[in-house]
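Novice: Residue-level listing of the chains:
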Amino acid sequence: SQQGEEDPQALSIQEGENATMNCSYKTSINNLQWYRQNSGRGLVHLILIRSNEREKHSGRLRVTLDTSKKSSSLLITASRAADTASYFCATGPKGSGNTGKLIFGQGTTLQVKP
Amino acid sequence: DVKVTQSSRYLVKRTGEKVFLECVQDMDHENMFWYRQDPGLGLRLIYFSYDVKMKEKGDIPEGYSVSREKKERFSLILESASTNQTSMYLCASSSSSTGGRDTIYFGEGSWLTVV
Numbered sequence: 025s026q027q028g029e030e031d032p033q034a035l036s037i038q039e040g041e042n043a044t045m046n047c048s049y050k051t052s053i054n055n056l057q058w059y060r061q062n063s064g065r066g067l068v069h070l071i072l073i074r075s076n077e078r079e080k081h082s083g084r085l086r087v088t089l090d091t092s093k094k095s096s097s098l099l100i101t102a103s104r105a106a107d108t109a110s111y112f113c114a115t116g117p118k119g120s121g122n123t124g125k126l127i128f129g130q131g132t133t134l135q136v137k138p
Numbered sequence: 595d596v597k598v599t600q601s602s603r604y605l606v607k608r609t610g611e612k613v614f615l616e617c618v619q620d621m622d623h624e625n626m627f628w629y630r631q632d633p634g635l636g637l638r639l640i641y642f643s644y645d646v647k648m649k650e651k652g653d654i655p656e657g658y659s660v661s662r663e664k665k666e667r668f669s670l671i672l673e674s675a676s677t678n679q680t681s682m683y684l685c686a687s688s689s690s691s692t693g694g695r696d697t698i699y700f701g702e703g704s705w706l707t708v709v
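The listed protein sequences correspond, in order, to chains W and U. In terms of this note's numbering, the first sequence is residues 25 to 138. In terms of this note's numbering, the second sequence is residues 595 to 709.
Simulated from the structure, these hints should not be mistaken for laboratory data. All values derive from a computational prediction rather than experimental measurement. Take these hints with a grain of salt, some might be off.
[As the list claims (entries may be wrong)] Here are the simulated DSSO-like pairs of lysine-lysine, each with C-alpha atoms no more than 30 Å apart in a straight line:
| # | chain 1 | residue 1 | chain 2 | residue 2 |
| --- | --- | --- | --- | --- |
| 1 | W | Lys50 | U | Lys649 |
| 2 | U | Lys649 | U | Lys612 |
| 3 | U | Lys647 | W | Lys118 |
| 4 | W | Lys80 | W | Lys118 |
| 5 | U | Lys651 | U | Lys664 |
| 6 | U | Lys597 | W | Lys80 |
| 7 | U | Lys597 | U | Lys664 |
| 8 | U | Lys664 | U | Lys649 |
| 9 | W | Lys137 | W | Lys80 |
| 10 | W | Lys50 | U | Lys651 |
| 11 | W | Lys93 | W | Lys50 |
| 12 | U | Lys597 | W | Lys118 |
| 13 | U | Lys649 | U | Lys597 |
| 14 | W | Lys80 | W | Lys93 |
| 15 | U | Lys665 | U | Lys647 |
| 16 | W | Lys94 | U | Lys651 |
| 17 | U | Lys647 | U | Lys664 |
| 18 | W | Lys93 | W | Lys118 |
| 19 | U | Lys664 | U | Lys607 |
| 20 | U | Lys665 | W | Lys118 |
| 21 | U | Lys607 | U | Lys597 |
| 22 | U | Lys612 | U | Lys664 |
| 23 | U | Lys664 | W | Lys118 |
| 24 | U | Lys649 | W | Lys118 |
| 25 | U | Lys597 | U | Lys651 |
| 26 | W | Lys118 | U | Lys651 |
| 27 | U | Lys612 | U | Lys665 |
| 28 | U | Lys647 | U | Lys612 |
| 29 | U | Lys597 | U | Lys665 |
| 30 | U | Lys607 | U | Lys649 |
Extracted from the complex, chain W is given alone in its bound form (with noise of 0.2 Å):
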């Protein structure tokens, strides 16, 4: 089942703006994960924020993290024609031991234009 949900779907910026993705999810979780995916490629992993953590920075990325609202949100600051791609949020949900089975979200396109 799914249980991140993106918001927006899709996202048109200039380059040098930045941009916003928030994901929603259900159930508890030991840590939520952001990957990204060129067109047609596989996804390549992010950054992760573990449950007791509230921010995270890496470069030009920073996620956030509410546990009571369960909600995250990733943001990509002055951003470049490269960051082109589909973001997708992924929960570790409490319970799923060693496995590292992620429940991935829908994702937002985020279209960056030159």
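Take the given structure of chain W and dock chain U to it, following the hints.
Specialist: Chain U only, in chain W's frame:
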């Protein structure tokens, strides 16, 4: 570098054919996964395996089976392909170690068209 290799990038098969999708990882990972990706539906887990010869059903196992005879290889089998199995299939793997299990590594995907 971590590598998950899916043997076929594009396949066209006929309805009723038996289809094998092969996946190999070179990271000695315990966990391996097969996902299906469709527009508007995101990624859905078909099967996963947490050890050799071990498998568990995911969210949409109907019409599929899997095989994990060796640690590095995880095969997805469509016993009798149908047109509604036309999709992109993604293989992935992860470590079961405490520090490593949180990141899943994906292959490049296999586009299957069933006609």
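Novice: Does each hint hold? Answer for all of them.
Specialist: Results of checking the hints against the structure:
{"no.": "1", "hint": "Lys50(W) with Lys649(U)", "in the structure": "26 Å, holds"}
{"no.": "2", "hint": "Lys649(U) with Lys612(U)", "in the structure": "20 Å, holds"}
{"no.": "3", "hint": "Lys647(U) with Lys118(W)", "in the structure": "25 Å, holds"}
{"no.": "4", "hint": "Lys80(W) with Lys118(W)", "in the structure": "20 Å, holds"}
{"no.": "5", "hint": "Lys651(U) with Lys664(U)", "in the structure": "19 Å, holds"}
{"no.": "6", "hint": "Lys597(U) with Lys80(W)", "in the structure": "26 Å, holds"}
{"no.": "7", "hint": "Lys597(U) with Lys664(U)", "in the structure": "16 Å, holds"}
{"no.": "8", "hint": "Lys664(U) with Lys649(U)", "in the structure": "13 Å, holds"}
{"no.": "9", "hint": "Lys137(W) with Lys80(W)", "in the structure": "27 Å, holds"}
{"no.": "10", "hint": "Lys50(W) with Lys651(U)", "in the structure": "21 Å, holds"}
{"no.": "11", "hint": "Lys93(W) with Lys50(W)", "in the structure": "9 Å, holds"}
{"no.": "12", "hint": "Lys597(U) with Lys118(W)", "in the structure": "28 Å, holds"}
{"no.": "13", "hint": "Lys649(U) with Lys597(U)", "in the structure": "21 Å, holds"}
{"no.": "14", "hint": "Lys80(W) with Lys93(W)", "in the structure": "17 Å, holds"}
{"no.": "15", "hint": "Lys665(U) with Lys647(U)", "in the structure": "9 Å, holds"}
{"no.": "16", "hint": "Lys94(W) with Lys651(U)", "in the structure": "26 Å, holds"}
{"no.": "17", "hint": "Lys647(U) with Lys664(U)", "in the structure": "8 Å, holds"}
{"no.": "18", "hint": "Lys93(W) with Lys118(W)", "in the structure": "16 Å, holds"}
{"no.": "19", "hint": "Lys664(U) with Lys607(U)", "in the structure": "26 Å, holds"}
{"no.": "20", "hint": "Lys665(U) with Lys118(W)", "in the structure": "26 Å, holds"}
{"no.": "21", "hint": "Lys607(U) with Lys597(U)", "in the structure": "27 Å, holds"}
{"no.": "22", "hint": "Lys612(U) with Lys664(U)", "in the structure": "21 Å, holds"}
{"no.": "23", "hint": "Lys664(U) with Lys118(W)", "in the structure": "28 Å, holds"}
{"no.": "24", "hint": "Lys649(U) with Lys118(W)", "in the structure": "20 Å, holds"}
{"no.": "25", "hint": "Lys597(U) with Lys651(U)", "in the structure": "24 Å, holds"}
{"no.": "26", "hint": "Lys118(W) with Lys651(U)", "in the structure": "18 Å, holds"}
{"no.": "27", "hint": "Lys612(U) with Lys665(U)", "in the structure": "23 Å, holds"}
{"no.": "28", "hint": "Lys647(U) with Lys612(U)", "in the structure": "21 Å, holds"}
{"no.": "29", "hint": "Lys597(U) with Lys665(U)", "in the structure": "14 Å, holds"}
{"no.": "30", "hint": "Lys607(U) with Lys649(U)", "in the structure": "26 Å, holds"}
Of the numbered hints given earlier, the model fails none.
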